[in-house]
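> Join the two chains, each given in its own frame, into one complex according to the hints.
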Amino acid sequence: MNSIRHAILLGIGLIIAGLAVFLFKVGTLGYPVSAKATTTVWDFEIFLEFEGQDQPARLEVYLPAGDVERTFPQEQYYNGPFGLNLMTEPATRNRKAVWTYRYPSNRKVLRYTAQTVGETQSTRLPDAFARGGADLIPYEADPIKRQAFIVWTGDLRRRSADDRSFVDLALKEAFEPRDAGEQYADEIAVLLEGRSGVMGRLELARQTLQSAGVPARIANGVYLTEARRRVEVKHWLEYYLDGQGSRFFPEGEPSRFFTIWYGDRELVTASGVEELDVQIALQAERNAAVDIVRRGAGDASRIDRIFGFHSLPLTTQLVYKVLVTIPVGITLLVFLRQFIGFKTLGTFMPVLIGIAFRETALVNGVLLFSALIILGLALRFYLERLQLLLVPRLGVVVIFIILVMAGVTIALTGANQAIGLSISLFPIVILTMTIERMSIVWEESSAGEAIKQGLGSLAVASMAYLAMTNNQVEYLMYQFPELLLVLMGLCVLMGRYTGLRLSELWRFRELAK
Amino acid sequence: MLKTYQALRRNGVIGINERNITYVNALNPRKLLVRVDNKLLTKQLAQAADIPTPELYGVIANARDMKHLPEMINHPDGFVVKPAHGSQGKGIIVVDGPLKGGWRLSSGRRIKLEDMKFQINNMISGMYSLGGQTDMAMIEYRVKFDDVFGKVSFKGVPDMRVIVLKGVPVFAMLRLPTAESDGKANLHKGGVGAGIDLATGLTMRAMQHDQLIDVHPDTAHPLENIQAPYWDDILLMAARSYDVTGLGYIGVDIVLDREKGPLLLELNARPGISIQIANRRGLRFVLEKAGALASDKLTAEERVAFAKTLSEKAADAGEPVIAPV
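First to last, the sequence lines map onto chains Z and L. So that you can map any letter, position 52 of the first sequence is 52 in our numbering, and since no number is skipped, the others follow by simple counting. So that you can map any letter, position 281 of the second sequence is 281 in our numbering, and since no number is skipped, the others follow by simple counting.
Next comes chain L alone, as it looks inside the complex (with noise of 0.2 Å):
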């Protein structure tokens, strides 16, 4: 047991004691973390400094906007309704289009409107906010993804999380949704989780469930060496939610889409750290680097040429890195 512990420390793994103390509560100031938890402020943030974000049909906070609700879902490609306050993707309607009266969900099944209205009823009662505040309903634009991940996905949509630390992209992941995981691409519901290396953009091996996988459960396709499109976008986007938010240390989430690109989904400010079984190496001495390096003088383009150098193809030779197998 030593042993583990004394190893793990070695390669760099830090704990979720570390993330919060460390990282969390020391990099996020807890008045700004509205700008996270608040996924609308979110939204109106990154717009407003050219992030691309799925776009927004709509906003239901109390039960005089729910009348309107069928306006803002007239939407033949389907939409998205999911609680501003929620975290770890719960409380998120996928919509994939209208179905005989009703609509369809992402996950196959089909719901009647008065269902969704209960659904949305319950979220903006707080069901799924932190403490059980009151909350609001986003409808917004569904993800048509991009077809470069749909040989590793069953179903719902895979999505990338850059971690930044102080502006810095240091880890960066694919995650692939399984049948398992109900078309969400959270990892801790059975999804599948490939690092990618920052400086090509390349997907390394993969893990499900902390443990190492080489093809993704469903459709037995290789994980590794998948092209993620828009590389460079996608790391300027992240470097430049610590510009939105001021937060040090934060999960980016960015899905691709088919016609426009690289959307901001979300983002958060206490990402898991099971990224780093996915990455196969410990976040510490990436993140000892980057805190090190990282300036506010530094644009968000020369921290994502700095954030290449951190990848672990480019590693220099004396930092302990677990060696691909």
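With the rest of the complex left out, here is chain Z (with noise of 0.2 Å):
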């Protein structure tokens, strides 16, 4: 027949369109599949604070390299009343922010604030920097120093067998530690006079690798290991040797750190100002993955404006995170009521007393909710004894069933048991037709029909409730509306089932003989 071809092939195209979507966010944007996974997001701030001066104020200020290989999603700056100006400078592609003001009096703050994933631990050494060529003659200025430093670099070759050992070594007595009084042979002790500090020992590292040509650079950043106010700013050596990017870390390697600027300055350069007092503060922040993904300036930022939620009000937001796990409700109860012959109260009934558990939990939901039904019941045949006609009657219970909420509501609060027992209006309608529709059931059918379908929906619904509140699910559907597509093929598909359900092969038993 043609129509069931036509609902075939409509069913399985939506399956295949919100499948096509659901994969490619996956796949190729990167969105993860499970709510579980997080990233831990790294707030970074540079916090500035000092006195003005009434005189021409410049600072400026070292930032993250905005580098392909880390995400800064969400800069900011907070420049109070100076003036911003970003550089970039060409040589060591290191990132600037000059903060100037005429006449700044009294304390001032400026602030920078971005996030970044952190995951530097893998990162490239960029091929540019291996084609870095030679530096300046090293210690031209100096002539006492220059000779050391041939005396040196000399000994050290001939000590060395290649490239690797020479560098090795340089490293190690670049950093050998020294008693104060120790005497040592001593053009290192002449290099490192005047400097003899973390940063003239990367120097001269620096300066005698260049020398034997291997690209080296002093780098500077912090270290991605705990989250505090006061964070130390930490330096380290890069050089590029035999084709490979390496990194001396004199204080220990890191599991996790990220670069901020080049070169063996200062973070801050500052004139004009006085007591300037300069924090990095480092806080981890555990995130949903996908939250990631969104806020960067990829292709998925981009997509999720168009198909996602994001773009709506927070509120809205919230009702549509209830809303898309309903169609997941309605196609486990189409699922249950065309495969297994559930028999309910109304058709979607079920689902929407399982919308109602959300405001009071599934057992309080049920026993909340049998209890209501029950009481409900009785007043309904006590009424039907006063002979009021249908509406007038539907109203009495209704206005019962407020009343007894109420009572539970007060009863509870003045008990002090805070059970978390929000009333809204919402299950009051849901009763009220269900209360109505089972004492229908009861008397034109049987009471234990009415039972029946009662507790088929109570089943069905507590069903719907698990399924609509399960975290995964309620993560899918939100971060993947194109489910609902595939959610819809499904109904479309089974509304062309024919065959038996599983109840009526109890029902048909005598046949099957």
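Since the hints were derived computationally from the structure, they do not count as laboratory data. From the three backbone atoms N, C-alpha and C, an ideal C-beta is built for every residue, glycine too. One thing to keep in mind: the hints can contain errors.
As the list claims (entries may be wrong) - Over the 12 Å line for every Cβ pair with chain Z, so calculated as not near, a few chain L residues: (1) Leu2; (2) Leu45; (3) Gly91; (4) Ala292; (5) Thr299.
What the hints assert, rightly or not - Cross-link-like lysine to aspartate or glutamate pairs, in silico, DMTMM-like; alpha carbons within 25 Å at most: (6) Lys452/Z <-> Asp210/L; (7) Lys144/L <-> Glu55/L; (8) Lys452/Z <-> Asp77/L; (9) Lys100/L <-> Glu384/Z; (10) Lys452/Z <-> Asp197/L; (11) Lys189/L <-> Asp242/Z; (12) Lys513/Z <-> Asp197/L.
And the structure:
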């Protein structure tokens, strides 16, 4: 028959369309399929506080480079009255914020914040760095240091076999701890004179490596090891040897870090201010991985703005969060009715009851629901004796339900039992309709049939509730609304199921002999 | 479970899903359904086509009509009140006759005029109609049922259900009230269903609550081999119901009156499928056969003649039939 083929094509088409978008988002855009997938996001902050001196002030601050290798979503600048200029140093590709103001007075605060996923651990050094040419002649200005440098590097060269052993030896000796009084040989002492801290040693190592034709640079950044308000800036050496990028961390290698700037200059260069206080703060925040994908600058966020719910106001989003799970309950109900043969009161009543359970939680909901239905039915049969007409009788039942619910709420609050019994309009309507339907079935079929349908409804409602409130289901439906097409397709296909239901196998068991 | 499924498929048993998709939805155009959903209209259509129905005493559609209720129900032999849009026998009041200033119900209870008005008001306000739309209450002749089924009935009125596909009667059964079904002949309320052989009008074995039985649960009388009188007339009425409604798949409910013979009680556009158990065979093969041969060119008499060849006893040897146990 033509309509069968049409229905099957439509159903399969809908399923394929929905799944295609779903798989594209998962496969190509990198949406995680599980609600549990989380990533740590580091909130990074540079905080400058200083006293204005009523004279032109200029503060240059290095910012994390906006590399492709790191994502820095949501950068923000708090400028106060200052003018902000963003600059990039071509040679080092350092990014710099330059804050300026003509006559600052009193205390001023400038702030830069950004978020990073901090996945720098496996970042490759850029290829451009490998081609970095030879530096200027080392220590050209200082003849003594220059002499010492030539002697030391010449000695290193003699004691090494190749570039690698040369680098290893140079780094070892440059960072060899020495006691203050120890006599050491002493080109290194000469070379470190006046600048013997980590920075001086790194600079020495860098010059040594460069002179041997190994591109090297000093990197400055922070270790993503702990979250705190005052984070120390760390320095390390990056060099490029045998076509491979390497890093040398004088203080041991951290598991995660990110680079802010290159070179031997300070993080902040300031003029015209006093009492400058620089703070770097780090804060770890576990986020759903999907938020990272969405907030990024890629295709995902663009598609999300078109097809997702995230462009809607927050309250509307919350409504849709519930709404998109209802089709799951409905599909489940269709399955239970068409394939299993569940008997329920009304068609979609069980799903509505399931939604009502959201506000009471399952056990409370089932108990409250059963109790109210029994009370409501009792009232209804009593009213029957008074010979009230249908609509007024329904009205009395509604008022009665509200009264009982109010009573229950007040009693529970009075007993100081905050069991989260939130009552809203919706369950009352559902309850009343259920009672009315059930009483009609009761009267016209039998008490047994009414109870059977009531229990069937309660069972389907509980299943629908569990399905609709399942975290994973909620997550999938909300992040991938295209799955609605899949559900729709399933319902279309189930609508053409002409086979027997599970309950009919039992019903017609005599005919199977 | 799979074995049961396969066995049922092999025996041509159809389920509710198949009935709805393949027969009800495909053969009963929605716009024609009003002809069976509105029992008053059914009655008028049937009368126009010379299909006998119980006499209509009056219709109550609003409070004004209610004033005439005492005149409408002034029948010492009793009467029946039913909602015009009711389904599955819901809301029907059967009154046997006057009793001590009130009325005696078929169940033996006494009902006062006040209570009856209340129930009729419920009917009018749509308590028994689909979607709760306002309804009408029909007051009509109470069938004095033929004693031929007296030994296999417990109170109430037995009736015959004939499934008609495109004007061809395909399955028939006798529906008998029991104590449990409260005088109603509906199977889902506990009534007994006995399959009727189309060719002869003789009952075959029977069922209650989806299980096969041999004797009536209340009267203990055997249910097999009871001859339905006026059988050819009954088949002809069923076949004509198609001409009247244009619905391709209906259940025709016919009662047997002691004086007036078979009367069309109502038509059902979604007849139940338990009739398969009463006939102890699935509907599918018979439906397919009838569907292939049925044609609007055939007269009702020709369709009845064709229907008789569909009988289990006249069935081809090759057709899958559940052998009588």
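> Hint by hint, note whether the structure agrees.
Structure-based check of each hint:
Leu2/L, annotated as away from the interface, has a beta carbon of chain Z within 12 Å; the closest lies near 10 Å. Under the 12 Å C-beta cut-off, the non-interface status given to Leu45/L relative to chain Z holds; the minimum distance is some 26 Å. Not every Cβ of chain Z is farther than 12 Å from the Cβ of Gly91/L; the closest lies at roughly 7 Å, contradicting the non-interface assignment. For Ala292/L, the non-interface assignment is confirmed: its Cβ lies about 14 Å from the closest Cβ of chain Z, beyond the 12 Å cut-off.
Annotated as non-interface, Thr299/L keeps its C-beta farther than 12 Å from every C-beta of chain Z; the closest such distance is 29 Å. Pair hint Lys452/Z plus Asp210/L holds up; C-alpha atoms about 17 Å apart against a cutoff of 25 Å. Annotation: proposed proximity of Lys144/L to Glu55/L holds, straight-line Cα distance about 12 Å (limit 25 Å). Of the supplied pair hints, the one linking Lys452/Z and Asp77/L is violated, its CA atoms being roughly 38 Å apart against a limit of 25 Å.
Note on Lys100/L and Glu384/Z: the hinted pairing holds, with a Cα-Cα distance of about 24 Å set against a maximum of 25 Å. The suggested pairing of Lys452/Z with Asp197/L is violated, with an alpha-carbon distance near 35 Å, which exceeds 25 Å. With a C-alpha separation of about 90 Å, the suggested pairing of Lys189/L with Asp242/Z is violated against the 25 Å cut-off. Taking the CA atoms of Lys513/Z and Asp197/L, the gap is about 21 Å. The hint holds against a cut of 25 Å.
Hints 1, 3, 8, 10, 11 from the list above are not met by this structure, while the remaining hints are.
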